[in-house]
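Trainee: Listed below are the residues making up each chain.
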Amino acid sequence: MKKLINDPRAVVGETLEGFGLAHRDLVEVHLDPAYITRAGGAMPGKVGVVSGGGSGHEPLHAGYVGQGMLDAAVPGAVFTSPTPDQIIPATQAANGGAGVVHIVKNYTGDVLNFETAAELCAAEGIDVRTVLVNDDVAVEDSLYTAGRRGVAGTVLVEKMAGAAAERGDSLDAVEAIGRRVVQNVRSMGLALAPCTVPHVGKPSFELGEDEIEIGVGIHGEPGRRRAGLEPADALTDHLLEPVLDDLGLAPGQRALLVVNGMGGTPLSELYIVFRRAAQLLAERGVAVERSLVGNYVTALEMQGCSVTVLRLDDELTELWDAPVNTPALRWGV
Amino acid sequence: MKKLINDPRAVVGETLEGFGLAHRDLVEVHLDPAYITRAGGAMPGKVGVVSGGGSGHEPLHAGYVGQGMLDAAVPGAVFTSPTPDQIIPATQAANGGAGVVHIVKNYTGDVLNFETAAELCAAEGIDVRTVLVNDDVAVEDSLYTAGRRGVAGTVLVEKMAGAAAERGDSLDAVEAIGRRVVQNVRSMGLALAPCTVPHVGKPSFELGEDEIEIGVGIHGEPGRRRAGLEPADALTDHLLEPVLDDLGLAPGQRALLVVNGMGGTPLSELYIVFRRAAQLLAERGVAVERSLVGNYVTALEMQGCSVTVLRLDDELTELWDAPVNTPALRWGV
Amino acid sequence: MTELDAAWADRWLRECARVLAARREELIDLDRAIGDGDHGENMDRGFQAVVEKLDEGPSGSVAAALKLAATMLMSKVGGAAGPLYGTAFLRASVAVGERDALDGPTVEAMLAAARDGVVARGKAEPGDKTMVDAWAPAVDAAGRAGDGEAALAAAASAAEAGALATKPLVARKGRASYLGERSAGHLDPGAVSTSYILRAAVTAAVSEISAGAE
Amino acid sequence: MTELDAAWADRWLRECARVLAARREELIDLDRAIGDGDHGENMDRGFQAVVEKLDEGPSGSVAAALKLAATMLMSKVGGAAGPLYGTAFLRASVAVGERDALDGPTVEAMLAAARDGVVARGKAEPGDKTMVDAWAPAVDAAGRAGDGEAALAAAASAAEAGALATKPLVARKGRASYLGERSAGHLDPGAVSTSYILRAAVTAAVSEISAGAE
Ligand SMILES: Nc1ncnc2c1ncn2[C@@H]1O[C@H](COP(=O)(O)OP(=O)(O)O)[C@@H](O)[C@H]1O
Ligand SMILES: Nc1ncnc2c1ncn2[C@@H]1O[C@H](COP(=O)(O)OP(=O)(O)O)[C@@H](O)[C@H]1O
Ligand SMILES: [Mg+2]
Ligand SMILES: [Mg+2]
Ligand SMILES: [Mg+2]
Ligand SMILES: [Mg+2]
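Protein chains in written order, with our numbering: chain E, 1 to 333; chain D, 1 to 333; chain H, 1 to 214; chain P, 1 to 214.
Calculated directly from the structure, the hints in this document are not laboratory data. There could be a bad hint or two in this list.
Footprint (simulated), chain D over chain P, 3 or more residues, beta carbon under 8 Å [what the hints assert, rightly or not]:
(1) 47-59
(2) 66-79
(3) 176-187
Here are the simulated distance ranges between beta carbons [to be verified]:
(4) E:GLU206 <-> D:PRO44: 57 to 67 Å
(5) E:GLU230 <-> P:ASP29: 26 to 36 Å
(6) E:ASP321 <-> D:THR130: 31 to 41 Å
Every residue gets a Cβ at the ideal spot worked out from N, C-alpha and C, and that includes glycine.
Based on the sequences and whatever the hints tell you, model everything.
Mentor: Written out as C-alpha cells, the structure reads:
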C-alpha cells in the first residue's frame, strides 16, 4: 500500500487538520469528537443542514460546508458511518432555533447512527428531519434489500437543501426540497480499479487486466456485476441508460448532468464520458441545462466514474444557481 | 491499459468536445486546429493572456480560460507541446489590440513552438510577450541543462497575469506581473505511481512496491532520484525544504501555499501533506495567507503531489483575490 | 465453577477485545468479500475503547459492564455494527438489572434482550444473512441449557453454527444485500463477530485467570 | 544510379514515414527512458501527415518536397522535435534552391543547412546528447564523400554512429537534461530518429521501386 499518509489510523484526523488549515475562512474543524461547522456558527432563525458519512469520499461532506450549503458535516472513519456522539454536537452547532435537516445516504450504518442521534437531539428539543438519499440505480430497490444506496446525487441534495435553507425556507420546506431532489435524481457508477482503505492495507476487490465493476458503490464494495472493459462511449451508455429509464426522463424535460470521478481518474476521461452522456441526452430530447464534471463524491483513489442525472424544474434550477461558498463548490459569491 | 477512453488517438479531441459541452457558458472550443477561447471573444483594449502546453495536465490550461484568467488555451497532444498552427489563431483570438502575453512552461518543445508562433504573430503586427515559467526546484538551473521546468506554479502565473490584464493593465505591466510571480514561486513534486499515456499504452516508468520518484515532473518523466516510501510528513519536508531554501523565504514573509495532486491521489492525502507543509511554514515564521489544495496541474492518473510556495506581497494578494470565473477556478463572481 | 458476576463481565469484555483484535484481519477479509472491508477494524477499534474505559476501574456490576460496552461501542464503532451491538449491549444491560450474578434463565434473558435490540434496530429476520443469524439460535440454545455457564456455552456453539450457516445465504439486509446473488458463498462478518463475542463470554467464565490477567 | 530528384525526395519522405511507423515503439521506449515517451508517436504522426499531403500529388521539386515536410512536421509533431525537424527541413529546402537534382556538394549543403537550422533553434552543441550528435557527423561525412548517393550513404552511416555514441553521454539539452547523470546509459531518441531519416534518404535512392511503390 502506497499512500501519502503517516499512520493509517490517523488519516481522518490529519486530513481534517489540513482541511481546517486550508479553509480557515470558511469552516471550523472540531477534532474530538470530529465534526466540521461553517465558520461563524449557527445562524439564528435559519434551518440547519447537516450531512455526514464515512470518510474517504472527499470532498464529500466537509468540502460542502459553507454559505448556501451545509452548516455542519460529520466524518466517520474511512468508509464507516460516524457515530451519534459526533452527529449530536454537529446538529446542536447547526441549530439556529429553526430545526435541522439531516441528509443521510441510505446505508444501514448511516441510517442507524443518524437515527440514534436524531432521537437524542429530539429529546433535547431540536426538531430534526431526515432526508434519505438513495439515488443509485445499480441496486435493486426491493423489500429484500436495504434499499438503494446514496451516491453522488447527495451533492445535489446538499446544494439545493442548503440553498433553500439559506434563502430562509422553513424546516418543512427545506425537508421538502431535499425530498424533491431525491425523487428526481438517479446515479450509477463503475470502477476500473479498486481502492485501498488505509487501515485495511489491501485493495477492496480484485479486477483482471480487462475487467471492470459495473454498478460499483462508493465504499470500495464490489459492484453489481463484473464486465469486460469497453470503449468509454459504450460504458457511458451502460451507466446512463438505466439512470434515464429509472428516472423516466421524457423528451422536452431539462436535466442537470453530473459526471463524477471516483478519485483516481483523470479529469480528461471524465470529459470524454460527459461528451457521450450529453450526446445521449440530446438524442433523447433532454436539454442538459446545468452540469458538473469532476471529483465530487469519491472512493479514495478508486478509478472509475459515476453518472448522475437530476430532472430540473425552475425552482431546483434557481436553488442550484444560488450562491454557494464552500471549499469544494463555489459560485455566485 | 485501463482507461475511460474510446480511441487513444482521439483522447484530446473528445476531451475538448466534452469540455466545451460542459462549460458552454464560459468557453468556446475550436477543434481543428485545437484551441479554447473565452466565451465572447477578445475584449477590445484588454491585454490577451494565452497559455498552452501538452494535454494530460487537466484542468491546466483549458480549465483556466475565462474571466480574470486566460483568454485562450492551446492543448497539444498528450504531454506534447502544441504547434504554431494552433498557437497562432489562439493568439489572434485573444488579441484585443493591446497585445498578448504567452505564458509558457519552460520545456524545449513548448518554448520552440511558442517562439515560432510569436514570431509569426509579430510579423502580423501583434505585440507578443513571453513569460517563461520555471518553478521546479527539482531540476538544477545551470548552463548545462535546459533550465528548470515549469510545473504547478503556472496556475499562479496564469491567475495573476490574468487578473492584471482584467483590471486593465498595459502589456508591459501584465508581462511584469507574470515575471514577478515567476521570480517568487517555487515547486517540487513526487510520484508514488506513474501514469500511462494513452497512445503509449504502458506506464511512463516503473516503481517498486516501496519506491517513489522524488522531483518528478508533470509529464510522467522520471524524477531526479528514486527513494524509499516514507511517512507523508517526511515526504512533505523533502519537497518543501528545497522549495523554501531556493525561494529564500524569510520569517515574517507571507506565502501562498499550493498542494497539488498529480491526478490519481485522493484529496484526503493532499490535505495531510498540506497540514505538514503549513506546520513547517509556521515553524519558519512564514504566514500562509492564501492556499489551494487539489488537482490543478496533473499528469493523467499519476499518484503523487507537488508543493508550491509563492512569496506574496500586497499586489499579488490582490491579484489572487480578484474575481475569477473559469471551469476550474472560481471565486468573487 | 465461576460466578457470572461483575468480574466475569469485565473479563468477558476484555476477552472480546483480545479475540477481535486477533480476528481483525479475518473479519476485514470477510467484509471485503461482501461488504466494504471495515468490520474487523470497526470491532477492534470499539473494543479497544471498551478496554481503555475498563482500565479506569472495574465496572462494579454486570449491568454496568454491559452498559459501558454499549456506550463505547455506540460511540466508537460506527457503521452498521456500532448501533446494532450498542443496542444489543444496552438492552442486555437493562435485562440483567441489579443482579449480582447470572444463572441460566438470566443468561437467556440477557441474550434474548440483545437479540431483540438487534432486531428492533436492524429489522432483519433470521435468514437475511446478518448477525441475527448468530444471535437467534444462541438465544434458543441458551433457553434449553442448564446453569449460566452451560447456557453461555450452548449459546456460543449455536452462534458458531448459525454464523457458518450464513455462507450459502443471499443477503437481504445491510451492505451485502447490494450484491444480490453474489453475496452467496461467503460468511456474514457480523454473524461471525457475534459468535466470537459469545465464545468470549464462555472463555471468560471458564478461564478466570488467563482472561483476567490481560 | 538514381537521380536525387523530385521523385527521389518524395520517395525519401514516404520511406521516412514507413520507417518511423515501424520504429514507433522503439522510439517511444527510448524516450520513456530519459524523456516523456512521446517521440515515436510524434514522429509517426508527423510523417503520416507528410504522406497524406504527398498523396494529394507529387511535390514537383526537391525544394518543394522538403518544404512540404517542414510545414507538416512543424504543424503536426509538436514537442521539441517538431520545430527542430521543421526548421531543419525548411533550411534544407532553401539550401537546395531551384536545383532539379542533387550532387555530392549539394547533398552536403542541404544537410549542413539542416544541421544549422537545428542548432539555431535548439542551441545544442555536439556532445549535448541531442539530435545534433547525429546531424553534425552526418554533415562532416557527406563532405568527405563523392557523388550525391555516396554523400547520403556516408551521412547515414555517420549519423548512425553518432546516434549510438550518445549512449554514455549526460544530456545537457532537452527534457533528458532534467535527469542529470541518470540520462547516461541510454540512446538519445532524437539522434536515433535522425539516423533513420538519413538512412531513409539512402533507401529511397538505391531502391527506387520498393520505396516508391508504397
Ligand atoms: N439490518 C441489519 N440487521 C442486523 N445486522 C445487520 C444489519 N445490517 C448489517 N448488519 C450486520 O452488520 C455487519 C456489517 O458491519 P460493519 O461492516 O461494521 O458495518 P457496515 O456494513 O456499515 O460497513 C454485517 O455483516 C451484518 O451482520
Ligand atoms: N535543444 C535541443 N537541440 C537539439 N535537439 C534537441 C533539443 N532538445 C531536444 N532535442 C531532441 O528532441 C528529442 C526529443 O523529441 P520529442 O520527444 O519529440 O520532444 P519532447 O522532448 O518535447 O517530448 C531529443 O531526443 C533530442 O534529440
Ligand atoms: Mg462500513
Ligand atoms: Mg513531449
Ligand atoms: Mg463493513
Ligand atoms: Mg519526448
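Trainee: May I ask which of the numbered hints given earlier this structure violates, with the numbers listed in increasing order?
Mentor: 1
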